[in-house]
Amino acid sequence: RIMRPDDANIAGNVHGGTILKMIEEAGAIISTRHCNSQAGEPCVAALARVERTDFLSPMCIGEVANVSAEITYTSRHSVEVQVNVMSENILTGAKKVTNKATLWYVPLSLKNVNKVLEVPPIQYARKEQEDEGKKRYEEQKLDRLETKQRNGDVILPVINPEPHTVGYSQSSLIHLVGPSDCTLLGFVHGGVTMKLMDEVAGIVAARHCKTNIVTASVDAINFHEKIKKGCVITVSGRMTFTSNKSMEIEVFVDADPFVDEPRERYRAVSAFFTYVSLSKEGKPLPVPQLLTETEDEKRRFEEGKGRYLQTKAKRQAQMQQAAQ
Amino acid sequence: RIMRPDDANIAGNVHGGTILKMIEEAGAIISTRHCNSQAGEPCVAALARVERTDFLSPMCIGEVANVSAEITYTSRHSVEVQVNVMSENILTGAKKVTNKATLWYVPLSLKNVNKVLEVPPIQYARKEQEDEGKKRYEEQKLDRLETKQRNGDVILPVINPEPHTVGYSQSSLIHLVGPSDCTLLGFVHGGVTMKLMDEVAGIVAARHCKTNIVTASVDAINFHEKIKKGCVITVSGRMTFTSNKSMEIEVFVDADPFVDEPRERYRAVSAFFTYVSLSKEGKPLPVPQLLTETEDEKRRFEEGKGRYLQTKAKRQAQMQQAAQ
Amino acid sequence: RIMRPDDANIAGNVHGGTILKMIEEAGAIISTRHCNSQAGEPCVAALARVERTDFLSPMCIGEVANVSAEITYTSRHSVEVQVNVMSENILTGAKKVTNKATLWYVPLSLKNVNKVLEVPPIQYARKEQEDEGKKRYEEQKLDRLETKQRNGDVILPVINPEPHTVGYSQSSLIHLVGPSDCTLLGFVHGGVTMKLMDEVAGIVAARHCKTNIVTASVDAINFHEKIKKGCVITVSGRMTFTSNKSMEIEVFVDADPFVDEPRERYRAVSAFFTYVSLSKEGKPLPVPQLLTETEDEKRRFEEGKGRYLQTKAKRQAQMQQAAQ
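Protein chains in written order, with the UniProt record's numbering: chain A, 1 to 324; chain B, 1 to 324; chain C, 1 to 324.
So here's chain A without its partners, still in its complex pose:
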């Protein structure tokens, strides 16, 4: 579809969240279709996890987004989908790869939302494809356990913070979950949640560096808990780390099922977003260093640095491999 002014920031760059939402919708459609391809209980595929996603090049207003999706692996209860996004300037014909994302879905029964159904197996062209898929499946399973443990953290408000401190840029928004945010099962689409997360992360980044910012990457996101129609969700973000040219922001989503349920507020999702600051000509700008004050902030900064260096090393290894 064509990118509209509302999909973009004032510099004309399409929000990362808009792209994540398109990716998730494509994944949900292909995996729901696959899981209903054999006779049996009707089901809806719910997003369980998105692997780390890099934004390779910015998309602009007026460009057309081409989204293609393919199922690359199935386990007994889950589907792996690979989604590619290309931006196409229909005036010049120029095409660029914007994103490659990997998503995991599980089929939930339409009649009983707590029942996970079985996934029809796909056929692999080669045996290695199945083996590699299985390896990816096992890896993500491990990683999901880890984030579950990290999830207790809370963002506390700060009064009169100094510029460039964590408290200065931290932000949160509340959103009442409406019918258009939800799947047929009455739960929020994973893509809607990711779009709100990107919105908050973007505001944190812009408050910190006061320039035009764009999403550079999103770390793996696990959707541990479903969010129901009518909930109020609070999306909060704080900066955890800055390198010379990038900012890492941690985002939490808490759901408050406050109308007709006796349940307490709970943590539904959390993730790390990385942003870069761009000049009017689209060149990366230096980012002001994050001032850490408390012990926790210093610890999170070091952890963020660890993730940053790890990603950098990985990318260099890939580039060397590609160059050989």
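In case anyone wonders, no lab produced these hints; they're calculated from the structure. Even for Gly, the Cβ is constructed at its ideal location relative to N, Cα and C. There is no bait here: all hints are sound.
Okay, the calculated beta carbon distance ranges per label pair:
1. A/57 to B/153: 30 to 38 Å
2. A/57 to B/109: 49 to 57 Å
3. B/279 to A/118: 53 to 61 Å
4. B/157 to A/127: 22 to 30 Å
5. B/157 to C/111: 45 to 53 Å
6. A/70 to B/322: 53 to 61 Å
7. B/266 to A/54: 32 to 40 Å
8. C/111 to B/286: 34 to 42 Å
9. B/280 to A/54: 32 to 40 Å
10. A/161 to C/311: 38 to 46 Å
11. A/289 to C/314: 51 to 59 Å
12. A/144 to C/296: 39 to 47 Å
13. B/93 to C/70: 16 to 24 Å
Pulled from the structure, derived: some chain B residues nowhere near chain C, Cβ distances all over 12 Å:
14. 115
15. 267
16. 299
17. 322
Pairs of lysine-lysine, DSS-like flavour, derived with a Cα cap of 27 Å:
18. A/229 to C/280
19. B/280 to A/95
20. A/280 to B/210
21. A/280 to C/228
22. A/283 to A/305
Given chain A's structure and the hints, the job is docking chains B and C onto it.
Then chains B and C, alone, in the frame of chain A:
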């Protein structure tokens, strides 16, 4: 309402699809109101057909759209509505007629969506009005049968197409039908479908000629099949004909009731859109000729040429009549 | 237009904010048209104030909103507009008055947004109409000065609040101002701001009483400061008073022009919203009493009580007058 940036393309011209959506909403309101004006089973008017619609002058961001609707004929089971759209520049006070559209609705029972109810007859000021209405009613009935037969066609993807061929500009989008797309009966509003069709047709046109394009007219559209909430719809478009200054694009809408129904994917709607290419000053530009390769493409080109010449002849006849 | 699921809460009642937004758009159109009706500098009418608005009866999904607007007074630099909203059930034909609102606009030059232009005078049918309009004009002028002084207040966060305290339900959201939120001058539509304010106030009310809530009235709102495209706005709300069956919530809007301007965050708008809690059958429910803790909270509760009793007395006087 005031036209917003999201209603328009990057040149500031409001999308034809936005206008078609407003027209259909006005028609749905007036005909639903009329069909419920006598005691009886409550019903919702569903769009059955839109007659050929010309876009007489472009509308721009910031202008106010004034939409007025009037019932002009009723048969036993259908209502003909005439909708006029005026654009008003509230700064200068200038008003222009943007569209005149004729739509046909049928009342479906709220309790049983497959039951078509009877329409209360309207009073005609003159006997000729009724006779002319009846003639229009018979004509559209015939035409609806014809398109039903044409509807089997499918758009196949082409690898590495040459510029200006049919395969080069053909496009498709998928859309998951959400609650806000639907009427009280849980079926997609005809206006929502037309807006998506215009979006795809616009992308096809822009890909072909790489300039700013606007909708010039839409051929009669028949809504043979309803589309239900939760369906995935695929909207695909391909160019069929070019004249010196216009392009004709054929658009198909296929619905995939992929979750809770055993039904196969089916063709819900199809239509021809005509676009023109505009310079920055709003003057029509020449259009590159469509290169046809296969026998089918050549046949469709000739058919498109037939429609083009017929429309041209009709318009000249009207102008001569008006000049007399 | 037809009310959609997205316009309403899960009980099917249309959000007060959606209605306020429609009212403001109608007012902006009629006053911009009027201010440009004589030759001179082109201008856009900007919302300066909305008088107290009562929501007389709830509107539901599927109903059609009929909005009509009329200019009732003009001063040298301002226009008073009266807007009426009727809800129409097009199935039964039933119509009900939903709102009557009075709005004040000022014409700002399109070329220089800081220049207020002169308003062409309207003709009055009777001399008394002009006199009464002038009285209303003087009254609102006084009231605007008062709120300006109150505007310094800030909502501070509370850690681990007890149920039914002020801190327990207070909420805030952030919103990045996009192109579709703005007028031709690049400033946020007053109606967009009011919709966000109603959203926050509704969440505060629902958090307090955990039931289905609807907007009962909005006190006069003054728009002291414009909000520009690209700003981040923070909308925060806290409960100030509860009677047996109603809740008063104070809402603040702060703008953060954080991208290309050297300006500090500033208070743009503030207002009081009153909500009632409804059972599934639409009957008013008792509201849990607000627990006030600090001196400020107790003072605000007493002030809220004052406004509540004043409104009650006014309404009784009107009813007695109507009964005579």
